[in-house]
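A.B. asks: Between the sequences and the hints, there should be enough to build the whole structure, so can you do that?
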Amino acid sequence: MPVAATSNFPIQQNRATLRKTLVACGALLSALLLAILVTSLVGSERLPSGGALCALVSLGTNQCGLTSDQFDILFQIRLPRILLAAAVGGSLATAGASYQALLRNPLAEPYLLGISNGAAVGTMLALVFFGRLEWSRPLMAFAGALLATFAVYRLARGKVGASPERLILAGVIVTTLLSSVIVFVTTLMDATRIRSFTFWLLGDLSGASRGLLPLALAITITGAIALTFNARSLNLLMLGERDAFDLGVEVGRIRIIVFVVASLLVGSSVAASGSVGYVGLVVPHLARLSLGSDNRISIPSAALGGALFVIVADTIARTVIAPRELPVGAITALIGAPLFIYLLKRS
Amino acid sequence: MLEARDLTIQYGDRKAVDTASLLLRPGIVTALIGPNGAGKSTLLRSLNGQIRPAAGKILLNDEPLEKFTRRSIAKQIAVVAQEAELRFPVSVLEFVLGGRFVWASGSGWGWESERDIEVAETVLKETDLSELSGRLMSELSGGERQRAVLARALATEAEFLLLDEPTANLDMSHQATLLSLVKQRCDERRAAALVVTHDINLASQFADVVVLMKAGQAVKTGNSAEVLTPELLLEVFQVNVLVDAHPVSGVPRVTPVHETFRHF
Amino acid sequence: MIPHTFKNSKFAIVVGSLVALVLALTMACSSSRTNVGNPSAIGKEVIDDAGRRIILPERVDRVVSLAPNLTEIVFAVGAGSSLVGDTSYCDFPAEAKSIEKVGDTLHPSLERIISLKPQLVLVSTASQLEGFTEQLKSHNISVFVTDPHDLEGVFRSITQIGDILGRSQAAAELVSSLRARSTAVETFVKPLARVRIFYQLSAEPLYTAGHDSFVTDLIKRAGADSVTADVPGAWPKYSAESALAAKPDAIILPTGGSMGEGNANVAEALRNSPAVQRGRVYKINDDHLVRPGPRAVDGLEEMAKALHPEAFK
Numbered sequence: 002m003p004v005a006a007t008s009n010f011p012i013q014q015n016r017a018t019l020r021k022t023l024v025a026c027g028a029l030l031s032a033l034l035l036a037i038l039v040t041s042l043v044g045s046e047r048l049p050s051g052g053a054l055c056a057l058v059s060l061g062t063n064q065c066g067l068t069s070d071q072f073d074i075l076f077q078i079r080l081p082r083i084l085l086a087a088a089v090g091g092s093l094a095t096a097g098a099s100y101q102a103l104l105r106n107p108l109a110e111p112y113l114l115g116i117s118n119g120a121a122v123g124t125m126l127a128l129v130f131f132g133r134l135e136w137s138r139p140l141m142a143f144a145g146a147l148l149a150t151f152a153v154y155r156l157a158r159g160k161v162g163a164s165p166e167r168l169i170l171a172g173v174i175v176t177t178l179l180s181s182v183i184v185f186v187t188t189l190m191d192a193t194r195i196r197s198f199t200f201w202l203l204g205d206l207s208g209a210s211r212g213l214l215p216l217a218l219a220i221t222i223t224g225a226i227a228l229t230f231n232a233r234s235l236n237l238l239m240l241g242e243r244d245a246f247d248l249g250v251e252v253g254r255i256r257i258i259v260f261v262v263a264s265l266l267v268g269s270s271v272a273a274s275g276s277v278g279y280v281g282l283v284v285p286h287l288a289r290l291s292l293g294s295d296n297r298i299s300i301p302s303a304a305l306g307g308a309l310f311v312i313v314a315d316t317i318a319r320t321v322i323a324p325r326e327l328p329v330g331a332i333t334a335l336i337g338a339p340l341f342i343y344l345l346k347r348s
Numbered sequence: 021m022l023e024a025r026d027l028t029i030q031y032g033d034r035k036a037v038d039t040a041s042l043l044l045r046p047g048i049v050t051a052l053i054g055p056n057g058a059g060k061s062t063l064l065r066s067l068n069g070q071i072r073p074a075a076g077k078i079l080l081n082d083e084p085l086e087k088f089t090r091r092s093i094a095k096q097i098a099v100v101a102q103e104a105e106l107r108f109p110v111s112v113l114e115f116v117l118g119g120r121f122v123w124a125s126g127s128g129w130g131w132e133s134e135r136d137i138e139v140a141e142t143v144l145k146e147t148d149l150s151e152l153s154g155r156l157m158s159e160l161s162g163g164e165r166q167r168a169v170l171a172r173a174l175a176t177e178a179e180f181l182l183l184d185e186p187t188a189n190l191d192m193s194h195q196a197t198l199l200s201l202v203k204q205r206c207d208e209r210r211a212a213a214l215v216v217t218h219d220i221n222l223a224s225q226f227a228d229v230v231v232l233m234k235a236g237q238a239v240k241t242g243n244s245a246e247v248l249t250p251e252l253l254l255e256v257f258q259v260n261v262l263v264d265a266h267p268v269s270g271v272p273r274v275t276p277v278h279e280t281f282r283h284f
Numbered sequence: 440m441i442p443h444t445f446k447n448s449k450f451a452i453v454v455g456s457l458v459a460l461v462l463a464l465t466m467a468c469s470s471s472r473t474n475v476g477n478p479s480a481i482g483k484e485v486i487d488d489a490g491r492r493i494i495l496p497e498r499v500d501r502v503v504s505l506a507p508n509l510t511e512i513v514f515a516v517g518a519g520s521s522l523v524g525d526t527s528y529c530d531f532p533a534e535a536k537s538i539e540k541v542g543d544t545l546h547p548s549l550e551r552i553i554s555l556k557p558q559l560v561l562v563s564t565a566s567q568l569e570g571f572t573e574q575l576k577s578h579n580i581s582v583f584v585t586d587p588h589d590l591e592g593v594f595r596s597i598t599q600i601g602d603i604l605g606r607s608q609a610a611a612e613l614v615s616s617l618r619a620r621s622t623a624v625e626t627f628v629k630p631l632a633r634v635r636i637f638y639q640l641s642a643e644p645l646y647t648a649g650h651d652s653f654v655t656d657l658i659k660r661a662g663a664d665s666v667t668a669d670v671p672g673a674w675p676k677y678s679a680e681s682a683l684a685a686k687p688d689a690i691i692l693p694t695g696g697s698m699g700e701g702n703a704n705v706a707e708a709l710r711n712s713p714a715v716q717r718g719r720v721y722k723i724n725d726d727h728l729v730r731p732g733p734r735a736v737d738g739l740e741e742m743a744k745a746l747h748p749e750a751f752k
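Chains as they are written, first to last, in my numbering: chain A, 2 to 348; chain B, 21 to 284; chain C, 440 to 752.
If you are wondering where the hints come from, they were derived from the structure by calculation, not from laboratory data. Just so you know, not all the hints are guaranteed correct.
In the BS3-like style, the derived pairs of lysine-lysine whose C-alpha atoms are separated by at most 30 Å in a straight line are [said to hold, decoys possible]: (1) 145(B) with 95(B); (2) 744(C) with 722(C); (3) 21(A) with 145(B); (4) 145(B) with 203(B); (5) 659(C) with 686(C); (6) 21(A) with 95(B).
Pair by pair, the computed Cβ-Cβ distance ranges are [claimed, not checked]: (7) 26(B) with 170(A): 36 to 42 Å; (8) 49(A) with 536(C): 54 to 60 Å; (9) 23(A) with 102(B): 36 to 42 Å; (10) 133(A) with 588(C): 46 to 52 Å; (11) 489(C) with 181(A): 47 to 53 Å; (12) 135(B) with 335(A): 46 to 52 Å; (13) 347(A) with 548(C): 46 to 52 Å; (14) 335(A) with 102(B): 42 to 48 Å.
Since this is a predicted model, take the numbers as computed values, not measurements. Beta carbons: idealized from backbone N, C-alpha and C, even for Gly.
C.D. replies: In structure tokens, the structure reads:
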């Protein structure tokens, strides 16, 4: 917490440093790896913990006494799903953190801005028209997210540029518009597909086909790195676009980078798992509350924290009423909404 | 040298700045005065490239401003303006360190160096904010925040300081301190400052050059004695004034004379 | 500004009485239409699957069906001519397609139904129309809810609908023939080993038939054990791990009917199951399995034949 003091002592405190960042990220990364390990042992089918642990640590080279079915469950179904949860959580949290920095609004989130719905419409169109091509989904989701971003930005542009308030308002307009498009497309579908779409719209990691996992992970990692590399510029942007300009930030360029990278992150998440809510809102908040507003530490921490959050949420979603499953978005909302209210009250 | 040559800035049909010229030379404090809507802030903002002129040129050390990158402009020209609303908690130190961004080696990454911290400490001392460096900006008073904005600008070590009404929220003592600091900076480091202000007497006290603007045009440029005359001030401000010499410093002192109070 | 004439009190009395008279007449007319529940009206009382008591006129010849299986039942008992409206999903028999459509099963148009002036609307709870039912009641249209959980429930629906539409004889004959066929199947498969099957409603996401699903009963009668027979709910979303671990010996893929070409592939998790390895993946017309109507017995026979080929040479 801030301390008022004489000249030398406090200078080194109260600001993010490389050391602080490495410590925080190191801790979160360890927690993440631990979570991956622990949640791999849990599922609707019981696996022998010893054998499973041994197989995991050997990275799948040693079967460690597991039957081939058990091995398949662990490495073909459970682990890919956990890794996808990490990718989705990391993507959404990073996107949320960057939107909040760019738009100077702690409430900016892929949902509120209509980006997720844009990605959802893109995915739905890909499913309807290019159902066979797996790659069409993240591609069209990205396109949808980008178009939604563009629409929001054009709507919000006033004479003096897009103020955060106008952006949020425009985002709400685009979100509700796209929501009705989604509902419309849903009603055109037959009854059997409606059920699966409703589930998907609430966030569902079970349909994660292995083909998209490497892409999702690659996008999460490169996106988080790209945005972290611009974190210092985002710090200045957070204080005001005009001030950032005065201090040497190329505002237009950073804005494009954030919009494109965040759209990519959101697009890949939505294409893989539908709309998982609250991650982009709650996790960056927690990161900033505990580590400060400096984006150099809060963006990578949000990425790791988001991965952790969704892994835990998805584990709950797939075990609490096993062998049935809940949509992971329901769990993130159940955890996220009260947490968010608590955070609002604290600030 | 930072120069605006025959600058015209248009908003639709309206000319906010109309063929105005301005020259900032190292070591000189220039005050820019005039009524509301005269185009002072607009002119200031065009000097660092934020507003594009419709006609005329801006030259930084004899090179057109367009030739420079954003960062190199920011290294040479710093702005002190009313700070924008802060929505995220940031400490005074972090805020001031923002000024060191222009010296960062990487483009958007990189951490503050020893030198950065040194400079920050120095400017915090100069602006009398050392004790508050650990506090959040939101905990400071308006005047203290304004000093932090100045500190940040000073931290950039820029040659040209553009200040847009920097004394608006400051009490008397801090008004004087801030402008003394600016003047001292100019004297010692051969920096140049442009101060847009409503306080004509403050301008008279601290400025070497005064520029009087009206309706986008630079009506008169010169030292305070040349510019602060009752005739000119009446023409520009539509107010009768009394101009005498300050009893202590001897600089022109302007006193408005309100003969009657109008009843509506 | 009050016109001069209205200030005349005599005029006011005349206008007032006229208005009162019109109002009274309107109320009298509408109240006479609310007498469907009036015991003095001739009719019969039936109890539907939701336990509601419904009074119907002796002769019901204007019916709207809000589910495809109910449309099939109406035609099957020979009362197709009394059907004045059905849903966009009602496609069997062929004549059902030319009946006036009132919308789909989930969002039928209340206005369209009312404009067809039916005496009765047949509803399947699978269509989740409880709230809708209340609205129809307020327009004096009786609603009959069916909710069969198993084949016996289907027979009951056929019988009841036959009675309501004055086709009791045809309904009884139909039920007896269907029952004979289903009993024949069950007898055939009784001595055979029961096959462990997985019913895949959709692959991605993975949905199956649970305890409350109608098709679970059919599976049981076809001499098979559904590995998800005890999972709560009707159409639960199932864990891929559990599907893999279940190792079913056969997989039923409902497809080709209303589902179209979807669901033609086995889910990823089941790719290495015994069922796939032995080529025991059977595609059956989904309309025969999901619609609790006469064709459910077709579905039963098809499943039994597929699962026990040796018994049906």
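A.B. asks: Confirm or reject each hint.
C.D. replies: Cross-check of the supplied hints:
| no. | hint | in the structure |
| --- | --- | --- |
| 1 | 145(B) with 95(B) | holds, 21 Å |
| 2 | 744(C) with 722(C) | holds, 12 Å |
| 3 | 21(A) with 145(B) | holds, 26 Å |
| 4 | 145(B) with 203(B) | holds, 16 Å |
| 5 | 659(C) with 686(C) | holds, 18 Å |
| 6 | 21(A) with 95(B) | holds, 28 Å |
| 7 | 26(B) with 170(A): 36 to 42 Å | holds, 41 Å |
| 8 | 49(A) with 536(C): 54 to 60 Å | holds, 56 Å |
| 9 | 23(A) with 102(B): 36 to 42 Å | holds, 37 Å |
| 10 | 133(A) with 588(C): 46 to 52 Å | violated, 37 Å |
| 11 | 489(C) with 181(A): 47 to 53 Å | violated, 33 Å |
| 12 | 135(B) with 335(A): 46 to 52 Å | holds, 50 Å |
| 13 | 347(A) with 548(C): 46 to 52 Å | holds, 50 Å |
| 14 | 335(A) with 102(B): 42 to 48 Å | holds, 44 Å |
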